[in-house]
Amino acid sequence: MNSLISIRSVTKTFTKGKTIIKPLENLSLEVARGEFLSLMGPSGSGKTTLLNLIAGIDSPTSGEILIDGNDISKLSRAQLTKWRSVHVGYIFQLYHLVPILSAYENVELPLLLGKLSKAERKKKVLAALDLVGLGDRADHRPSELSGGQEQRVAIARAIVHDPDLLVADEPTGDLDRDSADAILSLLNRLATDHGKTIVMVTHDPKASAAAHRTLQLEKGRFIEEGPLETPA
Amino acid sequence: MKLAILALKNLTRNRLRSLLTILGVAAGMFLYASVQTMQHSLSVATESSAADTTLVVYRENRFCPSTSRLPEHYLSTIERIPGVRQVIPIQIAVNNCGASLDVITFRGVPPETLKNYNPGITVIDGSYEDFVKQTDGALVGQHLAERRGLSPGDKFEAVGVNVTVTGIISSDSPQDENVAYVHLPFLQQASRIGLGIVTQFNVKVETANLLQSVADQIDQTFKADQQPTNTRPEKAFFAETAKQMIELIGFTRWLGLGAVIAVLGLVANAVLLIVRGRVKETAIFQTLGFSRLAIGLMVVIEGILLGLTGGLLGVLGAMAFFHFKSFTLGNEGLTLALSPSTSVTLSGLAVSVALGLLASLYPAWKATSRPLVQSLNS
Amino acid sequence: MLPFTYALRNLFRDPSRLAQTVGGSAVVVLLLIAAVALNQGMDSVLSASGSPQNVILLGKGSEESVERSEVSITAESAAATTIAGVKSLLGVTAISGEIIYQAPIRTESGIEEAALLRGVLEKALLVHTTVRLLEGTFPGPGEAMVGHLAHRKLGIDEGELAVGKKIYFGETAVRISGRFAAPGTVLESEIWFDRNDLASLTQRDSLSSITLRLESSDMEDVALFTFQRNDLELSAIREDHYYEKLSIFYEPIKVMTWVTAALVGAGAIFGGLNTLYAAFAARIKEMATLQSIGYTRTALFISLIQESLLATLTGTLLAFVLAYLLLDGRTIPFSIGTFTLTLTPTVIASGLIAGILLGSLGTLPPAIRCLLPSLPKALRSN
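Chains as they are written, first to last, in our numbering: chain A, 1 to 232; chain B, 233 to 610; chain C, 611 to 992.
Next comes chain A alone, as it looks inside the complex (with noise of 0.2 Å):
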């Protein structure tokens, strides 16, 4: 078993006002390293929940949640925002770039973070932004590129720390179609070729297509179970 995480009877409960309201209940799940999974179900159906928690945005409310042997679900707020500068990248929707800075500026941003040197980002955001294929528009800000070059460079920043793990909530939800397809085939290198974890929450039955494996989801619960591959 190459699993990266490891979920284990995981339950997440809040109140809003007087109701109790339950997005995950008993969940368990495990994603083997290299993995590109695809969480798909409708609306409230607990999907983005199960994400936050993988990605150490949540804790749970019970239950563990072991990614490369660590259980996040122990750690402090403090520690989780630690973990998460060297272990996570996260893709949004709505690429949430930062508007004044330029895309190097804004790939940057997670390596700021660490102890390297000017020199030494400055290789690894280059390197980042090539393999999106945007090595020539590092001096742009956001508001000069298109939604499918935002969300490109969104994934530099979400890979230019090299993390184990990638999180993506609908990454293409904002796309067309080509744009679309260009952001999943990248997905899908990252995963295959680079040995990237990588865990997507979508709507799109094509985004689905160019996972590895999908998994649906209905009031907190799988409906299907596939069966643990390894990736070919």
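Careful: at least some of the hints might be erroneous.
25 Å max Cα-Cα, derived SDA-like pairs, lysine to any residue [what the hints assert, rightly or not]:
1. B:436 <-> B:569
2. B:598 <-> B:237
3. C:697 <-> C:735
4. C:670 <-> B:386
5. C:895 <-> A:203
6. B:598 <-> C:624
7. B:512 <-> B:239
8. A:22 <-> A:76
9. A:16 <-> C:892
10. C:864 <-> C:673
11. C:670 <-> B:390
12. B:436 <-> B:464
13. B:598 <-> B:540
14. A:82 <-> C:990
15. B:475 <-> B:571
16. B:512 <-> C:892
17. B:557 <-> C:862
18. A:123 <-> A:136
19. C:895 <-> A:143
20. B:475 <-> C:858
21. C:697 <-> C:739
22. C:987 <-> A:11
23. B:512 <-> A:146
24. A:124 <-> C:612
25. A:122 <-> C:612
26. B:467 <-> B:485
27. C:864 <-> B:271
28. A:16 <-> C:987
What the hints contain is simulated information worked out from the structure, not anything from laboratory work.
It should be emphasised that the depicted structure is a prediction, and the values quoted were computed from it without experimental measurement.
Put chains B and C on the given structure of chain A with help from the hints.
Coordinates of chains B and C only, in the frame set by chain A:
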């Protein structure tokens, strides 16, 4: 009406912003109302009205009471001038001539004639008879009594003079509420001016239209004497004597203006923020069928509500402040009581509504000036 | 830590918001330093006007206002002969009996204004040691010398009181013989007459006060004199204490300036808070994104403070420039003299502190609100 209710609901959506704005407006309007109260009190004291019948006879070219010395015997001469109904000699001793908030004024008058001269004086505590009988007795105006915490029986020393409080008075003449009336000969001796000398004569004429002619006649009579006089209607006398205080109050006009500008800016800022945060929502309203005018109107109503609420708080607060804490400005022996007035309250509220309206015009226009499609997509 | 350029560039994101924050802080700081300068100016002229080495003899009961005081002329010689340890120069004792009077003065061009008059003899210079003759001569009979700020007190042109011109007290003409300075004191707003002239002009046979400059004696010796000569009905007060007591009268006016500054300042601060709340609310998502990348809330908080400080300190600078152009050096007349508004180190320091507090403390509530929501919520926020 529906628009107004919508506007009110909108304001409660962002309570913090509305609260901050209202508090800021209240602060500004408090200042504005205070300034207006001062201006109003001053104009009441200095602008003559048709019913004025009082003249003040003062030493020519003198202002501070200690420098105006008129012979007491002028009294009989003045009484004989046609048109004069009543005269009272007054010796004034004051602790400071410069404009200030803590002025103690003694008025020495012949005790028996005081009530005669001004029937409007009512004794609210103590007794008038005690005052007449006791040589060092004093009738203290209610504002002065409040300020110094005096009641009948207290001994009180100021300006080098020791008196016993025999009564507290209130009067229709505002000057009376801030002074202490004492016996004339007593004050003349205590302040070492000497018997036979007074500061001024207050003269009541028979009818208001005789005011100027009697004044001229009085001055003409004493023109060539050792102590020539300058006789003016009471209000004009105030206006020409209390120059420093008038200057000070005039200066506060700028403060009032500053307050108004600050309030205008504050409300405009708040309404602009409101509008900018609701671009999409405004567009949706338009697609629902609300006209641009209706939406603009709603914004303006929000501005007016903010202005009015803050204005109520500030203006009424100022009025309460002046009502409970009686402020009196003194200058050259004259006193000006700052008291709240209905006209200032109403004008203050009107101003805050107007400011709310004015401040929302530009934001209201901005709310509906963008093309609909752009706003929907924002 | 987020790079400084992030904070800097964020400022220019919304030019109107920047203008509001800079303008708002400028208003608050300007009001504050105006109030501080006003208070300081008034206090310093009152404290400089009185010397601890001088003692004033006033009529009993008039310790609060020298204008109302009456002192017999014989007291001057009595004091000179009885009180030991009074300073003397070339055989002249530093004892100055003076008449102090407020009355309207008319200039040659017909302008009439209330002026502060002091009737003195030459001995006055021994007592009022700050007085320096700038031009002309000490006034003799029929003459007067003007303080170099007297024209400001009267609110007229400097030229109206130039040496050689005439001024009128009632119908009597008096020639201006000289101009004097008495830096930082109320004296320089006065017009000094020959004492005998003023006595006859005002029909007074008594002095207002007698000022002595002490050398080897102290207040007790002077107080003793007033007790011994009870018949003269004098009271003694040290000159600096006299002016201290005067300043108490101006407390209400000072309070008024502070209250005004506070009220308008409060309005500006509330407006600023509103603006900041709105501006930061629009960036909750961005803050959440940076947190998801791994930036701590503290780092983000510091960046927000940096941003605000840049804006408020710019506003502070603007306020200083405006204060320098509009306020510095301005003379303000009040009842017994004039004082000058100066941007002293205290004034500047208080402005600076205000700017820093506005940028740090003032940013606290909106920044906390912006960073408070939990990450998942913030990432979804609108």
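Has the given pair, residue 16 (chain A) with residue 892 (chain C), been kept, meaning a C-alpha gap of at most 25 Å?
-> holds, 23 Å
Hinted pair residue 124 (chain A) and residue 612 (chain C), Cα distance within 25 Å = holds, 18 Å
Given the hint that residue 512 (chain B) pairs with residue 146 (chain A), does the C-alpha gap stay at or below 25 Å?
-> holds, 23 Å
Is residue 436 (chain B) close enough to residue 464 (chain B), meaning Cα to Cα at most 25 Å?
-> Answer holds: residue 436 (chain B) to residue 464 (chain B) is near 12 Å, not above 25 Å.
Would you check the hint for residue 512 (chain B) and residue 892 (chain C), treating anything up to 25 Å between C-alpha atoms as holding?
-> holds, 14 Å
Does the structure keep residue 864 (chain C) and residue 673 (chain C) at a Cα separation of 25 Å or less?
-> holds, 22 Å
Could you grab the alpha-carbon distance between residue 670 (chain C) and residue 386 (chain B) and see if it respects the 25 Å cut-off?
-> OK: residue 670 (chain C) and residue 386 (chain B) at ~23 Å, within 25 Å.
Take a quick look at whether residue 475 (chain B) and residue 571 (chain B) sit within 25 Å of each other, Cα to Cα.
-> At roughly 20 Å apart (the allowed maximum being 25 Å), residue 571 (chain B) and residue 475 (chain B) satisfy the hint.
Below or equal to 25 Å on CA atoms is what counts here, so check residue 512 (chain B) against residue 239 (chain B).
-> Satisfied, since the Cα-Cα distance of roughly 17 Å is no more than 25 Å.
Taken at face value, is the distance from the CA of residue 624 (chain C) to the CA of residue 598 (chain B) at most 25 Å?
-> holds, 17 Å
Starting from residue 670 (chain C), check that the Cα of residue 390 (chain B) is at most 25 Å away, please.
-> Cα-Cα ~12 Å, so holds.
Are the Cα positions of residue 557 (chain B) and residue 862 (chain C) separated by 25 Å at most?
-> holds, 14 Å
Of the numbered hints given earlier, the model fails none.
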